[in-house]
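Colleague: The residues making up each chain are set out below.
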Amino acid sequence: MKNRLRVLRAEFNWSQMELGLRVGVSRQAINAIETGKYDPSLPLAMKLARLFDKSVEEVFELEETD
Amino acid sequence: MTEQKLDPNIRLLSQVAVTSLLWAGTFVASKSETLGHSESLAMRIALVVIGIGGFLPVMAVYAKSIRMQDEFNQRIHYIALSVAFAITGTVSYACDLLSQAGFIPALPSTGLWALMVVIWFVAMIVTQRSYR
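Residue numbers (my numbering), protein chains in the order written: chain A, 1 to 66; chain B, 1001 to 1132.
Everything labelled a hint here was simulated from the structure, so no lab data went into it.
Note that the structure is a prediction, hence the values are computed from the model and not measured.
Treat the hints with caution; some may be incorrect.
[Said to hold, decoys possible] Reference excerpt, derived from the structure (chain A facing chain B, CB under 10 Å, subset only):
1. M1
2. R4
3. A10
4. F12
5. N13
6. M17
7. G20
8. G24
9. A32
10. T35
11. S41
12. P43
13. L44
14. A49
15. T65
[As the list claims (entries may be wrong)] Calculated Cβ distances over 10 Å to all of chain A for the following chain B residues:
16. G1053
17. I1066
18. A1086
Beta carbons: idealized from backbone N, C-alpha and C, even for Gly.
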């Protein structure tokens, strides 16, 4: 699954740690999501999208291989 | 008067320390000559109860520590536990067969448990690195 988390985070000028604190996960979790190595649960994806005032589809996108 | 809440991580660390000390104490007690070689039924029951009674709180605290973590770290634990389970299962099965065939002495079950803990720890480090 692709995502725009890194771009959105940069727009808000937040560190991975800061974003993690805002949604209640570790910096490592944010890093793994940004690098596409870990797909978040639906509640976490919704929390992230809501934080950036976007829909889940605007932040996360399914790839052909998913 | 406002009650100040202790940081959850500090509270957890204290619980780990206290339960580990309790376990160490009960482990030593359960291995004592008096209990281990007693012919009294009450003493032998005490040996088992003390040993398990000291061990369960440690397991409860570890389970709590995993529950407190976020979904990503919980996933790392699950993967590491699965790896530890699979390797320990294979090793115990192989050791059992080797022991039956007379190649090696019987392996104590506590040793297998310790092996599982070590593999769990190593698998956690490897899994964490794979997500970097």
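Colleague: Work down the list of hints and note, for each, if the structure agrees.
Modeller: Quick rundown of the hints versus the structure:
1. About 14 Å separates the beta-carbon of M1 (chain A) from the nearest beta-carbon of chain B, more than 10 Å, and the hint is not met.
2. Nearest Cβ of chain B to the Cβ of R4 (chain A): about 19 Å, over the 10 Å cut. The hint is violated.
3. Taking 10 Å as the C-beta contact cut-off toward chain B, the hint placing A10 (chain A) at the interface is violated, the least distance being around 20 Å.
4. Taken as an interface hint, F12 (chain A) does not check out: its beta carbon lies about 20 Å from the nearest beta carbon of chain B, beyond 10 Å.
5. Because the smallest distance between the Cβ of N13 (chain A) and any Cβ of chain B comes to about 23 Å, over 10 Å, the interface hint for this residue is violated.
6. At a threshold of 10 Å, the smallest CB-CB gap from M17 (chain A) to chain B is about 13 Å, leaving the interface hint violated.
7. The restraint placing G20 (chain A) at the interface with chain B holds, with a minimum CB-CB distance near 8 Å, inside the 10 Å limit.
8. Checking G24 (chain A) against chain B: minimum C-beta separation of about 7 Å stays under 10 Å; hint holds.
9. Satisfaction of the interface hint for A32 (chain A) is found here, the shortest Cβ-Cβ separation to chain B being roughly 5 Å, below the 10 Å cut-off.
10. With its C-beta approaching chain B no nearer than about 8 Å, T35 (chain A) sits inside the 10 Å limit, and its interface hint holds.
11. Using the Cβ-Cβ criterion of 10 Å, the hint placing S41 (chain A) at the interface with chain B is satisfied: the shortest such distance is roughly 5 Å.
12. Of the supplied interface hints, the one on P43 (chain A) holds, with its beta-carbon coming within about 9 Å of a beta-carbon of chain B, less than 10 Å.
13. A least Cβ separation of about 6 Å between L44 (chain A) and chain B falls short of the 10 Å threshold, and the interface hint therefore holds.
14. Violation of the interface hint for A49 (chain A) is found here, the shortest Cβ-Cβ separation to chain B being roughly 16 Å, above the 10 Å cut-off.
15. Checking T65 (chain A) against chain B by beta carbon gives a least distance of about 19 Å; that is not within 10 Å, so the hint is violated.
16. With a closest Cβ-Cβ approach of about 34 Å to chain A, G1053 (chain B) is found to remain outside the 10 Å limit, as its non-interface label requires.
17. Non-interface status of I1066 (chain B) relative to chain A is upheld: no Cβ of that chain comes within 10 Å, the nearest being about 14 Å off.
18. No beta-carbon of chain A is positioned within 10 Å of the beta-carbon of A1086 (chain B); the least distance is around 22 Å.
The structure fails hints 1, 2, 3, 4, 5, 6, 14, 15 (numbered hints given earlier, in ascending order).
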